[in-house]
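There are 2 protein chains.
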Amino acid sequence: MHILHTHYHRRMASTEIEALVQQLARLPGLGPRSARRAVLHLMKKRESSFAPLLAALQTVSERLVTCGICGNVDTSDPCAICADPRRDPRSLCVVEEVSDLWALDKSRLFPGKYHVLGGRLSALEGVRPQDLSIDALVARVAAGGIDEVVLAMNATLEGQTTAHYLAERLEGYPVRLTQLAHGLPVGGELDYLDEGTLAQALRARRPVS
Amino acid sequence: MHILHTHYHRRMASTEIEALVQQLARLPGLGPRSARRAVLHLMKKRESSFAPLLAALQTVSERLVTCGICGNVDTSDPCAICADPRRDPRSLCVVEEVSDLWALDKSRLFPGKYHVLGGRLSALEGVRPQDLSIDALVARVAAGGIDEVVLAMNATLEGQTTAHYLAERLEGYPVRLTQLAHGLPVGGELDYLDEGTLAQALRARRPVS
Ligand SMILES: [Zn+2]
Ligand SMILES: [Zn+2]
Numbered sequence: 443m444h445i446l447h448t449h450y451h452r453r454m455a456s457t458e459i460e461a462l463v464q465q466l467a468r469l470p471g472l473g474p475r476s477a478r479r480a481v482l483h484l485m486k487k488r489e490s491s492f493a494p495l496l497a498a499l500q501t502v503s504e505r506l507v508t509c510g511i512c513g514n515v516d517t518s519d520p521c522a523i524c525a526d527p528r529r530d531p532r533s534l535c536v537v538e539e540v541s542d543l544w545a546l547d548k549s550r551l552f553p554g555k556y557h558v559l560g561g562r563l564s565a566l567e568g569v570r571p572q573d574l575s576i577d578a579l580v581a582r583v584a585a586g587g588i589d590e591v592v593l594a595m596n597a598t599l600e601g602q603t604t605a606h607y608l609a610e611r612l613e614g615y616p617v618r619l620t621q622l623a624h625g626l627p628v629g630g631e632l633d634y635l636d637e638g639t640l641a642q643a644l645r646a647r648r649p650v651s
Numbered sequence: 443m444h445i446l447h448t449h450y451h452r453r454m455a456s457t458e459i460e461a462l463v464q465q466l467a468r469l470p471g472l473g474p475r476s477a478r479r480a481v482l483h484l485m486k487k488r489e490s491s492f493a494p495l496l497a498a499l500q501t502v503s504e505r506l507v508t509c510g511i512c513g514n515v516d517t518s519d520p521c522a523i524c525a526d527p528r529r530d531p532r533s534l535c536v537v538e539e540v541s542d543l544w545a546l547d548k549s550r551l552f553p554g555k556y557h558v559l560g561g562r563l564s565a566l567e568g569v570r571p572q573d574l575s576i577d578a579l580v581a582r583v584a585a586g587g588i589d590e591v592v593l594a595m596n597a598t599l600e601g602q603t604t605a606h607y608l609a610e611r612l613e614g615y616p617v618r619l620t621q622l623a624h625g626l627p628v629g630g631e632l633d634y635l636d637e638g639t640l641a642q643a644l645r646a647r648r649p650v651s
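Line order of the protein sequences matches chains A and B.
Here the first sequence is numbered in my numbering, starting from 443 and rising by one per residue.
Here the second sequence is numbered in my numbering, starting from 443 and rising by one per residue.
What the hints contain is simulated information worked out from the structure, not anything from laboratory work.
A couple of the hints might just be wrong.
[What the hints assert, rightly or not] Using 30 Å as the maximum straight-line C-alpha spacing, the simulated DSS-like pairs for lysine-lysine come out as follows:
1) A/Lys548 - B/Lys486
2) B/Lys486 - A/Lys487
3) A/Lys487 - B/Lys487
4) A/Lys486 - B/Lys548
5) A/Lys548 - B/Lys487
6) B/Lys548 - A/Lys487
7) A/Lys486 - B/Lys487
Go ahead and model the full structure; you've got the sequences and the hints to work with.
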């Protein structure tokens, strides 16, 4: 039995399907192999998986907005968190990224609202205070009604530099400044931590010295 | 520092975003956690990831068809494989599912064309010969021009029962019937195997006794 080794670029599926596999393979946690399996799954479950996924993506894609109050990304402005009357408006938790907000809020331990900076100060990457949503944060605090601001930056050098800078900017306002307890692994990114670690860090949060 | 434990159903994001996370979490290889990360990634990379992924899904969703010749699923009919003039039409590889076709063809070791049955015979699941694309296979063989039919069923009891049944149905036609060498792990599903195992099984394929 001979096997021909063909050396031209042989196509197994249409370029459209290959393009879809490539797009999916770029998502975090997926690779070419799992992307291929996902596409096969979608093609097999056209009604029960493909159609609802496509509809969900379309809806989110059409409605995605950045919240004008907190910088969260959601399908409404104000976002679901800012619009929730049962959240305590006196507590404000400042995070670097939307992913950090999700990581913290998933734990359901923080009863208040959030503020998303959109990054962290970084000399290396040339990120300056005016590149982040810091003026908006100061304005929210200056507007009053907030008792505590939790600086929930990542436990990285840049995160801590950012927290320090924010503490300076918020000096003089009648708010308690706190930060997450360090118990976080050094260099750790918030949104990779398990809920237990996050809960502990949040429970033991302490005033910014 | 007190933490309020709220017990109402608190929403972190809009129901649209939660729905998207749930749809993604149902894909093989993804779970709730990685689906959440994928959605965050898409929301962050709206232009470079979200838009192209959505476009790719839409295109494939609109154009997906089952190939009238071989039963493969592609965005054209005939599919890319059936339409490829550089593939050897004298070799036909019969597989249970489209995923098996992809698994085999990825290895680039088989130079011919395919036939997808759409399943395997199963007394337990009530899958009978008329539920599979078997008449179409016999018709392709009867039409002539095919020298070899590789029965590339899974190494499961049902796969082997199906191969046996196909061998009976194709008896009397002037084609060599072969099957993948067993070396495949018993109970193994083709599309979970690594290319090396598949290549070996294909190289050592033997006539159906
Ligand atoms: Zn908001
Ligand atoms: Zn085809």
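Hint by hint, here is what the structure shows:
no.: 1; hint: A/Lys548 - B/Lys486; verdict: holds, 19 Å
no.: 2; hint: B/Lys486 - A/Lys487; verdict: holds, 28 Å
no.: 3; hint: A/Lys487 - B/Lys487; verdict: holds, 27 Å
no.: 4; hint: A/Lys486 - B/Lys548; verdict: holds, 19 Å
no.: 5; hint: A/Lys548 - B/Lys487; verdict: holds, 22 Å
no.: 6; hint: B/Lys548 - A/Lys487; verdict: holds, 22 Å
no.: 7; hint: A/Lys486 - B/Lys487; verdict: holds, 28 Å
Comparing the model with each numbered hint stated earlier shows that all of them hold.
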